[in-house]
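Residue numbers (this note's numbering), protein chains in the order written: chain A, 539 to 629; chain B, 928 to 1343.
Partner residues aside, some chain A positions facing chain B, computed with beta carbon under 10 Å:
| # | residue |
| --- | --- |
| 1 | Met539 |
| 2 | Asp550 |
| 3 | Ala552 |
| 4 | Phe554 |
| 5 | Ser555 |
| 6 | Gln573 |
| 7 | Asp578 |
| 8 | Asn585 |
| 9 | Ala587 |
| 10 | Asn609 |
| 11 | Leu611 |
| 12 | His613 |
In silico lysine to aspartate or glutamate, DMTMM-like type, Cα no more than 25 Å apart, as pairs:
| # | chain 1 | residue 1 | chain 2 | residue 2 |
| --- | --- | --- | --- | --- |
| 13 | B | Lys1334 | A | Glu559 |
| 14 | B | Lys1334 | A | Asp578 |
| 15 | B | Lys1031 | B | Asp1070 |
| 16 | B | Lys991 | B | Glu1156 |
| 17 | B | Lys1157 | B | Asp952 |
| 18 | B | Lys944 | B | Glu1122 |
| 19 | B | Lys1318 | A | Asp578 |
| 20 | B | Lys1102 | B | Asp1070 |
| 21 | B | Lys1214 | B | Glu1190 |
| 22 | A | Lys614 | B | Asp1222 |
| 23 | B | Lys1081 | B | Asp1051 |
| 24 | B | Lys1334 | A | Glu560 |
| 25 | B | Lys1078 | B | Asp1055 |
| 26 | B | Lys1081 | B | Asp1055 |
| 27 | B | Lys958 | B | Glu1122 |
| 28 | B | Lys956 | B | Glu980 |
| 29 | A | Lys614 | B | Asp1240 |
| 30 | A | Lys591 | B | Asp1222 |
| 31 | B | Lys1334 | B | Asp1055 |
Taking beta-carbon pairs under 7 Å as the criterion, some of the chain A residues facing chain B (in silico):
| # | residue |
| --- | --- |
| 32 | Val577 |
| 33 | Tyr581 |
| 34 | Leu582 |
| 35 | Arg583 |
| 36 | Asn590 |
| 37 | Thr610 |
Keep in mind the hints are simulated off the structure, nothing from the lab.
For every residue, glycine included, the Cβ atom is placed at its ideal position computed from N, Cα and C.
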Amino acid sequence: MRINCPYCGNRDVAEFSSMGEEPAKRPDPQQADAQTAFVDYVYLRNNPAGPNKELWYHGQGCRQWLRVNRNTLSHKILGVSLAAGGDQNGK
Amino acid sequence: MKYSLFSLAANTLTKHKNWKPALVDAHPKAKYDAIVIGGGGHGLATAYYLAREFGLTNVAVLEKGAIGLGNVGRNTTIVRSNYLLPQNGVFYQHALSQWETLEKELNYNVMVSQRGVVNLFHSDAQRDAFARRGNAMRLSGADAELLGRDKVQKMMPFLDFDNARFPIMGALLQKTGGTVRHDAVAWGYARAASELGVDIIQNCEVTGFEISNGRATGVQTTRGTILSEKIGISVAGNSSMLAQMGGFRLPIESHLLQAFVTEAVKPLIPNVITFGAGHFYVSQSDKGGLVFGGDLDGYNSYAQRGGIYTLRDVVESGMAIMPMIGRIKLLRSWGGTVDMSMDGSPIIDRAPVEGIFVNAGWCYGGFKATPAAGLSFAHLIARDEPHKIAKAYTLNRFASGHIIDEKGQGAQPNLH
Chain A
539 MRINCPYCGN
549 RDVAEFSSMG
559 EEPAKRPDPQ
569 QADAQTAFVD
579 YVYLRNNPAG
589 PNKELWYHGQ
599 GCRQWLRVNR
609 NTLSHKILGV
619 SLAAGGDQNG
629 K
Chain B
928 MKYSLFSLAA
938 NTLTKHKNWK
948 PALVDAHPKA
958 KYDAIVIGGG
968 GHGLATAYYL
978 AREFGLTNVA
988 VLEKGAIGLG
998 NVGRNTTIVR
1008 SNYLLPQNGV
1018 FYQHALSQWE
1028 TLEKELNYNV
1038 MVSQRGVVNL
1048 FHSDAQRDAF
1058 ARRGNAMRLS
1068 GADAELLGRD
1078 KVQKMMPFLD
1088 FDNARFPIMG
1098 ALLQKTGGTV
1108 RHDAVAWGYA
1118 RAASELGVDI
1128 IQNCEVTGFE
1138 ISNGRATGVQ
1148 TTRGTILSEK
1158 IGISVAGNSS
1168 MLAQMGGFRL
1178 PIESHLLQAF
1188 VTEAVKPLIP
1198 NVITFGAGHF
1208 YVSQSDKGGL
1218 VFGGDLDGYN
1228 SYAQRGGIYT
1238 LRDVVESGMA
1248 IMPMIGRIKL
1258 LRSWGGTVDM
1268 SMDGSPIIDR
1278 APVEGIFVNA
1288 GWCYGGFKAT
1298 PAAGLSFAHL
1308 IARDEPHKIA
1318 KAYTLNRFAS
1328 GHIIDEKGQG
1338 AQPNLH
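Make the full structure from the sequences, and use the hints.
Structure representation (structure tokens):
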């Protein structure tokens, strides 16, 4: 598997580490159901078989966090963008 | 048919033409008292114990492919109970004691070989940690022995004791650990369950649940709808997919774990050996091949195949303790999809949907747990209460804070 890093170009997966699927927005600790929301946020996963929006860290390259859309059935990379400066919709 | 010396002799006289199939290839009925989804080691064991221990024989095992082709046939066949935390220690020790009598119980040769599991240590700090682990194992009823360098050298003279970076200072030995022929376990349980009246239905993929008023009443499958008030999910690797069909989420990620086997050589490795400074575990099969494995590839995957960089890492670890394997040829490698849970420990509990039960999150350790997982899951399904050895394996432990994190890694499954 190779990941096309926006800074470094096409690099072997061994240079990166995966943080798993991108979590939903961090809950507000002040909200009424904060306890349940944080358990969901920290522990529960969608874990899809198919396209998965993930966070990867390019530790042996530019040391940037990347948003990677990757198919977990085929390992095909569907899209890569920088995590910094954008929200979860890539904006 | 009971397998025995007598049945072997009798069938020899008839030139082996009268052997009966080991299990009935069943067709789905409209309704069962209980359904177990997944015809792997755990699912088949669950069905067997449902029939044998709890008298439920109107049971179906639904397998999307053929039995025994998933993780039960893809692991490195090691059985052990060398855990630190008491929740795991007691559970896995129960499993190990079940392995000891399993062949007699199933009337099936699963080749249980208690050849010993040796965990090497390479520093003073690691010796202290292993001594602590050994004491914890003894408290959980397991056997453990701390070996000095000289004893290890006598047992395994081929190890690289004077490795400059990771010298071998000794080992923690569990004599009762060892290996079991993995696919024989699936076949043994399937045959025994089938004889007790369980329907083992192959090529029957579950595509959804029948849920009415918040209660599961059956499953939709590629071979029609099958009704049941009790449905057990035992599908390591794909647990999240089944959960999604039921409308809930699990604290699990599916990861990729590879295993490797070399060409066959004469008896070389007397037991199971693990490297303490990296991740490498090896044993020798009865056929002669060295069977070994290491770390996860590290990313979510359902592909059942992995990358070369993991192989390189595993082989480097192997070379660090036994440089002689540098001259052996690698024959095969394969990958399995494992359920990595958020604390590295399994889940045997009721699902958030009434009528559905979950046996999942076994990480690397599912194979050795097979008999105890089957028994505990059957207990939960039949009696609707957890077995005493599996009380800690609840789903809500993540909310209540009672997590069972052997390695202290936190909610980062690829590190467990």
